[in-house]
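Asker: Each chain, letter by letter, is given below.
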Amino acid sequence: MTELLSPALWMILGALLIALTRGHLRTLVLLATPVVTLWSIWQVADGVAGTITFLEYPVEPVEGSPVRRLFATVFALMAFLGGLYAFKTAKWFELSAAFAYAAGAIGVCFAGDLITLFIYWELMALFSTVIVWCGGTPAARAAGIRYAIMHLLGGVILKVGIEGTVIATGSIQIQPMLAHDFSTWMILIGILINAAAPPVSAWLADAYPEASPTGTVFLSAFTTKTAVLALILLFPGEPLLIGLGLFMIIYGIIYALLENDARRILAYSIVNQVGFMVCAVGIGTEMALNGAAAHAFAHIIYKALLFMSAGVVLYRTGKSRCTDLGGLFRTMPFTTAMGIIGALSISSFPLTSGFTTKSMISQAAVDGNMLLVYMVLTAASAGVFLHAGIKFPWFVFFQKDSGLRPKDAPWNMALAMGGCAFICILLGVAPGLLYQFLPYPVDYHPYSVYKVLFYLQLLLFSGLAFFVLLPLMKRTQTISLDTDWLWRRLGKGLFLAAARGFGALQRLMAQLNVRSAELGSYIALRYLGNPHAEDSEEKSVFSRSWSIGTTAIWIAVLLSAYATAYYI
Amino acid sequence: MNQPDNDHWLVRPSTIRSLWIGGCIVLALTVLAQVLIPIKGYFGADDWFGFGAVYGFFTCLLMVMFAKLLGFVLKRKEDYYQDRKTPDDSAAQDRGHNT
Numbered sequence: 001m002t003e004l005l006s007p008a009l010w011m012i013l014g015a016l017l018i019a020l021t022r023g024h025l026r027t028l029v030l031l032a033t034p035v036v037t038l039w040s041i042w043q044v045a046d047g048v049a050g051t052i053t054f055l056e057y058p059v060e061p062v063e064g065s066p067v068r069r070l071f072a073t074v075f076a077l078m079a080f081l082g083g084l085y086a087f088k089t090a091k092w093f094e095l096s097a098a099f100a101y102a103a104g105a106i107g108v109c110f111a112g113d114l115i116t117l118f119i120y121w122e123l124m125a126l127f128s129t130v131i132v133w134c135g136g137t138p139a140a141r142a143a144g145i146r147y148a149i150m151h152l153l154g155g156v157i158l159k160v161g162i163e164g165t166v167i168a169t170g171s172i173q174i175q176p177m178l179a180h181d182f183s184t185w186m187i188l189i190g191i192l193i194n195a196a197a198p199p200v201s202a203w204l205a206d207a208y209p210e211a212s213p214t215g216t217v218f219l220s221a222f223t224t225k226t227a228v229l230a231l232i233l234l235f236p237g238e239p240l241l242i243g244l245g246l247f248m249i250i251y252g253i254i255y256a257l258l259e260n261d262a263r264r265i266l267a268y269s270i271v272n273q274v275g276f277m278v279c280a281v282g283i284g285t286e287m288a289l290n291g292a293a294a295h296a297f298a299h300i301i302y303k304a305l306l307f308m309s310a311g312v313v314l315y316r317t318g319k320s321r322c323t324d325l326g327g328l329f330r331t332m333p334f335t336t337a338m339g340i341i342g343a344l345s346i347s348s349f350p351l352t353s354g355f356t357t358k359s360m361i362s363q364a365a366v367d368g369n370m371l372l373v374y375m376v377l378t379a380a381s382a383g384v385f386l387h388a389g390i391k392f393p394w395f396v397f398f399q400k401d402s403g404l405r406p407k408d409a410p411w412n413m414a415l416a417m418g419g420c421a422f423i424c425i426l427l428g429v430a431p432g433l434l435y436q437f438l439p440y441p442v443d444y445h446p447y448s449v450y451k452v453l454f455y456l457q458l459l460l461f462s463g464l465a466f467f468v469l470l471p472l473m474k475r476t477q478t479i480s481l482d483t484d485w486l487w488r489r490l491g492k493g494l495f496l497a498a499a500r501g502f503g504a505l506q507r508l509m510a511q512l513n514v515r516s517a518e519l520g521s522y523i524a525l526r527y528l529g530n531p532h533a534e535d536s537e538e539k540s541v542f543s544r545s546w547s548i549g550t551t552a553i554w555i556a557v558l559l560s561a562y563a564t565a566y567y568i
Numbered sequence: 001m002n003q004p005d006n007d008h009w010l011v012r013p014s015t016i017r018s019l020w021i022g023g024c025i026v027l028a029l030t031v032l033a034q035v036l037i038p039i040k041g042y043f044g045a046d047d048w049f050g051f052g053a054v055y056g057f058f059t060c061l062l063m064v065m066f067a068k069l070l071g072f073v074l075k076r077k078e079d080y081y082q083d084r085k086t087p088d089d090s091a092a093q094d095r096g097h098n099t
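Residue numbers (the numbering used here), protein chains in the order written: chain A, 1 to 568; chain B, 1 to 99.
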């Protein structure tokens with residue numbers, strides 16, 4: 001029976017205990033829960049652990065496989081490092097929500113059927129919204145509402161797809177499929193919304209940077225990468241994903257180049273990096289899926305490291321816009337070093353985790369003889385170095401002297417960043433440690449002299465391009481329009497116009513009411529007169545006093561008219 | 001404390017000059033090393049001499065130019081999405097209160 005208990009339940013228990021405990025006990029719960037969860041994850045055997053009948057469907061709450069364990073492992077690891085980073089500054093409800101959110105992600109990893117997957121999927125949507133709200137500003141509240149609408153909408157679309165598939169196939173199994181009919185399209189769209197795929201990529205850069213410095217670290221790890229896992233499990237080799245992934249890669253670079261807010265630059269680069277993974281899932285070979293899984297693992301760690309360093313800057317200075325920052329390396333040498341390690345990793349610099357994982361995806365494109373895909377991926381590697389590898393650390397820690405002299409990171413934040421940086425370099429130096437846990441056997445050697453030389457040329461010359469083109473990249477205090485304009489401006493405009501239209505209609509009706517009342521009283525006054533007038537002669541024709549004789553004649557006339565009409 | 005600290009060794013003009021010189025030497029070395037270590041290309045063109053360098057530089061140039069051009073269309077002031085009370089709106093609201 002215990003094998004039916006998902007490791008996610010430990011995280012849910014942890015989330016509850018965080019809410020119930022205080023002080024050191026809470027810190028203990030915070031750090032021990034992910035460790036226990038990690039242990040539990042590695043107890044899950046391959047295959048379905050058992051079934052429970054729910055609404056006559058055979059639900060499989062726990063199913064193990066190497067790729068599922070790999071994703072769950074990095075999620076638990078992030079809950080630990082994120083908890084360590086956050087525990088001194090974050091509010092208890094943010095920590096609790098973060099752990100419930102992580103529970104959702106880990107639950108999705110082990111979901112053996114679509115119903116279980118959907119339940120954990122929604123758990124993520126709910127608690128990630130809470131984390132966005134924990135940003136505490138009016139902007140965070142508004143962004144959280146937009147985020148919730150987007151994800152609940154995605155959930156509804158996913159649910160429609162799941163229902164359709166269950167009706168069509170009679171099975172709730174999670175198994176590879178292609179988008180060939182309405183229901184499978186709905187499932188694919190539901191997942192892709194969480195992966196921040198176009199045309200709704202904007203939700204990510206809208207919501208994540210509004211969260212607190214600690215909240216963003218959690219947000220960056222789970223939602224998009226669970227979507228990548230779902231794609232690996234459900235849509236490996238779906239050709240549409242290749243083009244979609246390449247679009248995300250370029251989109252992320254271009255928008256990050258335009259952006260002024262440091263955390264928003266990193267948010268756009270999540271879309272860029274998830275694009276690599278989506279493209280790999282689309283290629284769909286064993287090498288490509290290994291690459292997607294490995295890159296997701298590495299990406300979660302180095303992206304967390306980048307957000308942690310940006311978070312420390314925001315925590316210490318209260319600023320995250322490039323135009324307000326600069327020159328922080330003087331007093332924040334450790335955070336600067338950590339930011340640079342994260343930046344080098346995301347740029348897939350040799351000896352970092354990005355190099356040993358992202359190059360697998362390029363290799364898969366080469367093996368599949370996809371020239372265009374390979375060339376775009378290679379150009380994108382240069383572009384990543386440009387927008388995240390250099391731009392982020394340069395504008396935050398170097399460029400001009402902003403005059404800010406903040407203290408370096410508090411010890412717990414420094415320790416968490418150190419842990420992430422250690423993993424980034426460890427996986428870069430000894431990639432075999434990660435390769436052994438990938439879904440398929442790995443026969444790939446990232447380090448050959450010519451490959452390293454090629455990447456050094458590529459990256460260093462894109463670095464040169466950055467400094468040569470620096471005048472063109474002067475930061476401006478602007479935001480960039482995205483498809484969210486459609487719902488934040490056009491949609492709102494249409495809504496306000498409709499509201500105004502109804503308002504005008506209502507005023508018109510009110511006016512009509514007043515007019516008809518005035519007309520009624522005028523007619524009444526004209527023909528009935530004022531009944532309270534003293535003199536009968538002042539009254540109108542129907543309200544005067546009449547002599548008995550005249551009245552009797554009128555009654556006779558009316559009666560005879562009535563009788564005539566009756567007989568006709 | 002808030003005075004710009006121009007004396008940090010990393011931001012002295014002399015250091016920056018030597019960084020540029022050192023950087024250029026490293027760049028030249030990565031290209032010249034190709035004489036000793038032939039790069040195995042996958043698609044014919046990518047084993048040309050200095051292909052990685054040229055490709056890296058020019059794709060970045062392209063992306064920056066493209067972003068710059070797109071910026072003219074897409075960039076807006078930071079408060080673009082913040083609620084602005086136009087006279088029309090507040091007038092409508094006043095009427096709303098009166099009825």
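For the record, the hints were derived by calculation from the structure and aren't laboratory data. The reader is advised that the hints may include incorrect statements.
[Stated by the list, open to error] No farther apart than 20 Å at their CA atoms in a straight line, the calculated lysine to aspartate or glutamate pairs in the DMTMM-like style are these:
no.	chain 1	residue 1	chain 2	residue 2
1	A	LYS451	B	ASP47
2	B	LYS40	A	ASP367
3	A	LYS492	B	ASP79
4	B	LYS75	A	GLU56
5	A	LYS159	A	GLU56
6	B	LYS40	A	ASP443
As the structure is a prediction and not an experimental result, all values here were calculated from the model.
Asker: Take the hints in turn and mark each one as holding or not.
Answerer: Evaluation of the provided hints:
| no. | hint | result |
| --- | --- | --- |
| 1 | A:LYS451 <-> B:ASP47 | 11 Å, holds |
| 2 | B:LYS40 <-> A:ASP367 | 14 Å, holds |
| 3 | A:LYS492 <-> B:ASP79 | 16 Å, holds |
| 4 | B:LYS75 <-> A:GLU56 | 54 Å, violated |
| 5 | A:LYS159 <-> A:GLU56 | 18 Å, holds |
| 6 | B:LYS40 <-> A:ASP443 | 19 Å, holds |
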